[in-house]
Amino acid sequence: MSGIVTQRAKSAQRRDTQVGESAFVRVLLIAIALGFLGIFLVAPIATIFSAAFSKGVEPYWTALTQDDTVSAIWLTLLTAGISVPLNVVFGVAAAWLISKYDFWGKSVLVTVVDLPFSVSPVISGLIFVLLFGARGWFGPFLSEHDVKIIFAVPGIVMATTFVTFPLVARELIAVMQAQGSDEEEAALTLGASGLQILLRITLPKVRWGLLYGVILCNARAMGEFGAVSVVSGHIRGLTNTLPLQVEILYNEYNFVGAFAVSSLLCALALVTLCVKKVAEWSVSSRQAKRDASARALAVPASTAVNLEGMLP
Amino acid sequence: MTVRVEHIVKHFGRSSEAAAVADVSFEAQPKAITTLLGPSGSGKSTLLRLIAGLETPDSGRVFIEGQEVTALSPQHRNVGFVFQSYALFRHMTVAENIAFGMKIRRLPKEQVNKRVAELLALVQLPEYGSRFPAQLSGGQRQRVALARALAIEPKVLLLDEPFGALDTQVRLELREWLISLHEQTGITTILVTHDQEEALELSQHVVLLNKGKVAQAGSPHDLYDHPADEFVASFLGGANVIKSHVSDGEAKVGTQSVRAPVGAQEGTPVQAFVRPHNMRVRRPNGDNPVDLGKIERLTRVGGYVKVYVSLPSGESVVVLMSKGDLEALHVEPGDAVAVDVVDAKVFVQSYSI
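So the sequence lines, in the order shown, correspond to chains S and W. Just so we're aligned: the first sequence equals residues 855 to 1166 in my numbering. Just so we're aligned: the second sequence equals residues 29 to 381 in my numbering.
These are calculated hints, taken from the structure and not from any lab test. Watch out, some of these pointers could steer you wrong.
[Said to hold, decoys possible] Simulated restraints, written as ranges between beta carbons of each label pair:
id, chain 1, residue 1, chain 2, residue 2, range
1, S, Lys960, W, Tyr336, 21 to 31 Å
2, S, Leu1057, W, Gln139, 20 to 30 Å
3, W, Gln232, S, Lys960, 38 to 48 Å
4, S, Val964, W, Ala193, 57 to 67 Å
5, S, Ala1133, W, Ser113, 23 to 33 Å
6, W, Ala46, S, Lys954, 23 to 33 Å
7, W, Glu204, S, Lys954, 30 to 40 Å
8, W, Arg118, S, Val964, 17 to 27 Å
[To be verified] Counterexamples of contact, computed for chain S against chain W with all Cβ distances above 10 Å:
id, residue
9, Thr1043
10, Leu1044
11, Ser1047
12, Gln1050
13, Ile1055
[Stated by the list, open to error] Okay, derived cross-link-like pairs now, BS3-like style, lysine-lysine, Cα gap no bigger than 27 Å in a straight line:
id, chain 1, residue 1, chain 2, residue 2
14, W, Lys334, W, Lys280
15, W, Lys183, W, Lys137
16, W, Lys183, W, Lys142
17, S, Lys960, S, Lys1059
18, W, Lys271, W, Lys239
19, W, Lys271, S, Lys1059
20, W, Lys280, W, Lys239
21, W, Lys137, S, Lys1059
22, S, Lys954, W, Lys271
Glycine residues also receive a C-beta, built at the ideal position from the N, C-alpha and C atoms.
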């Protein structure tokens, strides 16, 4: 018995000294981490902004207000504005179906939801060309009715929606499966209809997961290059989104323009991170507020009990 | 205000597997607490969910207040269901949780607020309305779940292992409290539990389930005093099992002979179930030494002593005696004693065990 105790004490001591000795190791690890971050994150971002502003603010502003670039900005916003809400609806429906019901082929559906992630974005774009292009399945029908999908805005929206589909659904499936469906069943026995359960129980329950999925989905929708590049046709001022515009400007040796547009996308990424952080922070601060109010409530109750106990 | 189920069958998974509920029929007593009792896997929770409509039976019918509800969605059955996990809405306060069912029914706001206050008082949590479920203890959550279920003025209250997740002290308190709550509300209640003590103490009517079938239904006393078979006898109240065989229409149990089951043939192996308090040890008094047992151990439990006796047949039994009775005997571990049986239930031995 005493042998075990001394052994334990020894091992505890050894752990302490190890921690004490590791100052050098710690510094080394931190240096590696910082160096890595510097080379792969900070330096590129710094390069983008320094290249964008290399000739001053005015050329930067001129590059951004160029007609083609402005239309690329609008197209990007439009694309994200359509595909993100579509994916929210799809994602909620798919997650609800997958997490609340057991049915034949469920595992196949779960796999298919992830498909856009496992397929190369170029292929994702090509699928739509093969379907809706001039020689595609629906090509003759579409040209007959004068509907343009490929090399036009609808194709860009479709490709973007396809590529970003898993982001909302995946996030929600994980959250919903973790939370189970006890609360939904309880609401059902209390008389709530399916829609009431969705709006009052399920969505409030998963709202932070949903918000996170939407933020990621939006970032990807605005930044998607491969799939959009295949279906867009690169028509200046018409079918170029921001990432495509960057490529065009760069290939034309317009470095200030290319980096100016890049800086916009970069800023978008930073804003996305900030929104995510704020969302997380508001959750925790709200929780803290709840705790505080609960404590405030609990005090009078417990004093009352104490007083009662003290009465003769 | 009754609940009746008729010939309910429910399979999960492949139909070749044993049914979770296999042809169960029973009727809950109006305004009383009925317990669905059984070991885990006996189908009791499934049966409760079938009554609430959370599961659909493969066949059979469910009636609430004489109306068939088998095809009715849980949304329209108006039953109060309390889940084992409580299933409180985590993003709502306690008051919002309780008000939920009434808001769904579009009751006027003042009426809802008044009723929430009443229910909070009823479950003894008047100051907790603005808290969130995460800030409550297990016992408090349990009571909120009950208040929420009662808020919709259900025709029947269904409780799934209501005290399963609580520690012993809280469980005993809540048990008392539930009895008084039931006296106040008088609502027909069906409660699922695996705890036989809980069933015997809480309910006026017990339905004992085993492997998806009703083993025996009746008052707690009926089941305890007149078990229908060896499963009921061993599941309820704990019993010593003594193996014996029929000779001259009787079976020898301890130092005594007990009447054998009707129709049991000579030499048939039988099992006697004897409650620990239905046995006595005494000093040998002209008994055949072959029949005597030996005291292995004495364990004091409050005013009682558990006497562990090994019988000549090799079986070990527990005898529960009052401290005074035992002290009068002046026996110690190792002493040879005679074991008298006051009451025993003898069953023809089944080989399924």
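Each hint tested on the structure:
{"no.": "1", "hint": "Lys960/S / Tyr336/W: 21 to 31 Å", "in the structure": "violated, 54 Å"}
{"no.": "2", "hint": "Leu1057/S / Gln139/W: 20 to 30 Å", "in the structure": "holds, 27 Å"}
{"no.": "3", "hint": "Gln232/W / Lys960/S: 38 to 48 Å", "in the structure": "holds, 44 Å"}
{"no.": "4", "hint": "Val964/S / Ala193/W: 57 to 67 Å", "in the structure": "violated, 31 Å"}
{"no.": "5", "hint": "Ala1133/S / Ser113/W: 23 to 33 Å", "in the structure": "holds, 28 Å"}
{"no.": "6", "hint": "Ala46/W / Lys954/S: 23 to 33 Å", "in the structure": "holds, 27 Å"}
{"no.": "7", "hint": "Glu204/W / Lys954/S: 30 to 40 Å", "in the structure": "holds, 38 Å"}
{"no.": "8", "hint": "Arg118/W / Val964/S: 17 to 27 Å", "in the structure": "holds, 26 Å"}
{"no.": "9", "hint": "Thr1043", "in the structure": "violated, 4 Å"}
{"no.": "10", "hint": "Leu1044", "in the structure": "violated, 4 Å"}
{"no.": "11", "hint": "Ser1047", "in the structure": "violated, 6 Å"}
{"no.": "12", "hint": "Gln1050", "in the structure": "violated, 6 Å"}
{"no.": "13", "hint": "Ile1055", "in the structure": "violated, 6 Å"}
{"no.": "14", "hint": "Lys334/W / Lys280/W", "in the structure": "holds, 23 Å"}
{"no.": "15", "hint": "Lys183/W / Lys137/W", "in the structure": "holds, 23 Å"}
{"no.": "16", "hint": "Lys183/W / Lys142/W", "in the structure": "holds, 21 Å"}
{"no.": "17", "hint": "Lys960/S / Lys1059/S", "in the structure": "holds, 23 Å"}
{"no.": "18", "hint": "Lys271/W / Lys239/W", "in the structure": "holds, 25 Å"}
{"no.": "19", "hint": "Lys271/W / Lys1059/S", "in the structure": "violated, 58 Å"}
{"no.": "20", "hint": "Lys280/W / Lys239/W", "in the structure": "violated, 32 Å"}
{"no.": "21", "hint": "Lys137/W / Lys1059/S", "in the structure": "holds, 24 Å"}
{"no.": "22", "hint": "Lys954/S / Lys271/W", "in the structure": "violated, 51 Å"}
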